[in-house]
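Read top to bottom, the protein sequences are chains A and B. Count along the first sequence starting at 1, add 79, and that's the number in the numbering used here. Count along the second sequence starting at 1, add 79, and that's the number in the numbering used here.
Don't take each hint at face value.
As the list makes no split between identical chains, a pair holds if one copy fits it or if it spans any two.
Unchecked claim - Keeping only pairs whose Cα atoms sit at most 35 Å apart, straight-line, the calculated DSBU-like set for lysine-lysine is:
1) Lys375 <-> Lys325
2) Lys213 <-> Lys148
3) Lys314 <-> Lys299
4) Lys118 <-> Lys375
5) Lys375 <-> Lys187
6) Lys185 <-> Lys375
7) Lys119 <-> Lys375
8) Lys303 <-> Lys187
9) Lys377 <-> Lys213
10) Lys358 <-> Lys173
11) Lys325 <-> Lys173
12) Lys187 <-> Lys361
13) Lys213 <-> Lys375
14) Lys118 <-> Lys173
15) Lys377 <-> Lys173
16) Lys173 <-> Lys375
17) Lys325 <-> Lys361
In case anyone wonders, no lab produced these hints; they're calculated from the structure. Keep in mind that this is a model prediction, so the values were computed, not measured.
2 protein chains.
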Amino acid sequence: MATALEQLVIGIDIGGTGTKFGIVDRDGNVLFSSEISTKKHATTESFIDELYTELSDMIERSGGSGRIKGIGVGAPNGNYYTGTIEYAPNLPWKGIIPLVELMESKFKLPVTLTNDANAAAIGEMMYGAAKDMKDFIMITLGTGVGSGIVANGQLIYGHDGFAGELGHTIVIPGGRHHPGTGKNGPLEIYASATGVRLTAIELLENSTEESLLRAVPLEKLDSKAVYDAAVQGDKIALEVFEYTGKILGLALANAIMFSSPEAIILFGGLTKAGDLILKPTKESMEANLIQVFQNKIKILVSHLKESDAAILGASALAWEK
Amino acid sequence: MATALEQLVIGIDIGGTGTKFGIVDRDGNVLFSSEISTKKHATTESFIDELYTELSDMIERSGGSGRIKGIGVGAPNGNYYTGTIEYAPNLPWKGIIPLVELMESKFKLPVTLTNDANAAAIGEMMYGAAKDMKDFIMITLGTGVGSGIVANGQLIYGHDGFAGELGHTIVIPGGRHHPGTGKNGPLEIYASATGVRLTAIELLENSTEESLLRAVPLEKLDSKAVYDAAVQGDKIALEVFEYTGKILGLALANAIMFSSPEAIILFGGLTKAGDLILKPTKESMEANLIQVFQNKIKILVSHLKESDAAILGASALAWEK
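One chain only, chain A, in its complex shape:
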């Protein structure tokens, strides 16, 4: 009986490749969820149309829109204050997109937006590894690298809502070119799925070492292929993770010396490589920290069910509002 009146929220996680969405209850149960392609939509309008069609059906099955308190959206460069997505390098839509306005007029529900990593951080605080933490940094290692920073128990949005772009900080000045931003040497171009692929290609080109990866066609040389080779002891594949961890660890050390979190929480595809990536990351992090920070900052991997975590994080925004 009571459940008939219980409020629900919608969580939407917009990624560079796909968009996950679902309907979530107060306890963090994802009642329904699905995914559509982000990439195939040349315009935000057609993207929102498809999302609306898919979600309308879910809303009906959940008992109608009267039960929905609101919609939380996590998206790259999503701005909490303005409700816009601005110049997101990994999305097909360029310039400034008034996402909240477009979605509210379509869905007739309140919509709250923040960047995908901020959404993930809120999700971890409500349901995950950061429960009871007041100072932590959430880092998402997917197609790109995102981050959400919590200090004094609050998400740091910055003066304009754009804080937390750790993936774009320059770790190797004059280093690898990021085609999305035009900058050289940002973390994202090394410590993402894209970065792992590029490192593998570079190492294969600059060495004559035998490798299982030489048999993999270039278009299939992704972080999964590198992982599969690494677990078989492939030297080049192992070196790819060593190198990635070395750079990620440096970036983590820099982030720690800035805001001194209790823990760093990692989430996303790359964390599936487990110790292959975590061990060199931790080693490099410790090596770059000054003494006061050494051996006390935890690196945790999100334990939220991966298919749900992105949706949960975004949905948590709708409760907060």
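Add chain B to chain A, keeping to what the hints say.
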């Protein structure tokens, strides 16, 4: 009449070379101030003894210790939560120093400690360039490089009180060695008075270019000498500031992409070089920022009277308590 009852605080700024201290009223007027050497004291005890002797006289002249609400201390690696100075690379005292405990037992007054840059940030918020700002980063460019980060209107202390060590973040991986920390390539070893001197020595060694600096004895080759040569159009001296600004700007860009402040406030000896350092810093900062942050984050130079600013910042802590 009322002034006889007005409360006062003591502000103490402990630096690697000297320690400034003074008595301050509610409006930020520094009533008395002086300075002693930090460097010459091999132990914290002898340092506190000298400080006590000097301050006792000032306290008497201010109307006695009954008028003093408390003491605020800014010091490198000073920890707000524990009241200790831990492993400060630029101070003569090694290990963990229980400064608050030592000072309270000597002065019989409440003592509050934080790192020097956090103290400066609080001072700017109360009396200076950051009045009414909720998100800014204070960076002190002295013998070392310190920083204090304010987000959502609060100082970020981190989970353990050690946040804000931007000077130790690695900007050039594998770069110049920092003898105090053993790390390679931190901001502090480039963008401090020490760093400017090292850059000047490097540039002179690696070039045959004529320079006024070649006539300066090595022990006198400091940032002041470089400045004096630069204002006369000396090419090597100008290059020193260009190089310093390039690295400082990169570090500012990284800090901005992390916490998105409204402004960066610079303070300390290096800022005296004015546009010689600010112009290349700003250029490098903008070049390293992704689009959403470009042309909107201000770089401000602290306008607090330099002799007072460090004392004011530290004293502000005592009001906050």
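Each hint, compared with the structure:
Taking the shortest alpha-carbon separations for Lys375 and Lys325, both the intra-copy value of 19 Å and the inter-copy value of 33 Å come in at or below 35 Å. In this assembly of identical chains, Lys213 and Lys148 lie within 35 Å of each other by CA distance both inside one copy and across copies; the values are 27 Å within and 31 Å between. In this assembly of identical chains, Lys314 and Lys299 lie within 35 Å of each other by CA distance solely inside one copy; the values are 19 Å within and 52 Å between copies. Taking the shortest Cα distances, Lys118 and Lys375 sit within 35 Å of each other only across copies (30 Å), while inside one copy they are farther apart (41 Å).
In this assembly of identical chains, the alpha carbons of Lys375 and Lys187 lie at most 35 Å apart only when taken from different copies (34 Å versus 47 Å within one copy). When the C-alpha separation of Lys185 and Lys375 is checked against a cutoff of 35 Å, the pair qualifies only between copies, where the shortest distance is 33 Å, while the shortest distance within a copy is 48 Å. Within a single copy, Lys119 and Lys375 get their C-alpha atoms only as close as 44 Å, which misses the 35 Å cut-off; across copies the closest is 33 Å, which meets it. Taking the shortest Cα distances, Lys303 and Lys187 never come within 35 Å of each other, neither inside one copy (40 Å) nor across copies (64 Å).
With identical chains, the CA atoms of Lys377 and Lys213 are at most 35 Å apart both within one copy (14 Å) and between copies (29 Å). In this homomeric assembly, Lys358 and Lys173 come within 35 Å of each other (Cα to Cα) only across copies, at 31 Å, whereas the closest approach inside a single copy is 37 Å. In this assembly of identical chains, Lys325 and Lys173 lie within 35 Å of each other by CA distance both inside one copy and across copies; the values are 33 Å within and 30 Å between. Taking identical chains as interchangeable, the C-alpha atoms of Lys187 and Lys361 are never at most 35 Å apart, the minima being 46 Å within one chain and 44 Å between chains.
Taking identical chains as interchangeable, the C-alpha atoms of Lys213 and Lys375 lie at most 35 Å apart whether they share a chain (16 Å) or sit on different chains (29 Å). For the homomeric pair Lys118 and Lys173, the shortest alpha-carbon distance inside one copy (13 Å) is at most 35 Å, but the shortest distance between copies (56 Å) is not. In this homomeric assembly, Lys377 and Lys173 come within 35 Å of each other (Cα to Cα) only across copies, at 26 Å, whereas the closest approach inside a single copy is 37 Å. For a Cα distance limit of 35 Å, the shortest separation of Lys173 from Lys375 across copies, 20 Å, qualifies, whereas the shortest one inside one copy, 41 Å, does not.
For the identical chains of this complex, Lys325 and Lys361 are neighbours both inside a copy (8 Å) and across copies (29 Å), given an alpha-carbon limit of 35 Å.
The structure is inconsistent with the numbered hints 8 and 12, although it conforms to all the rest.
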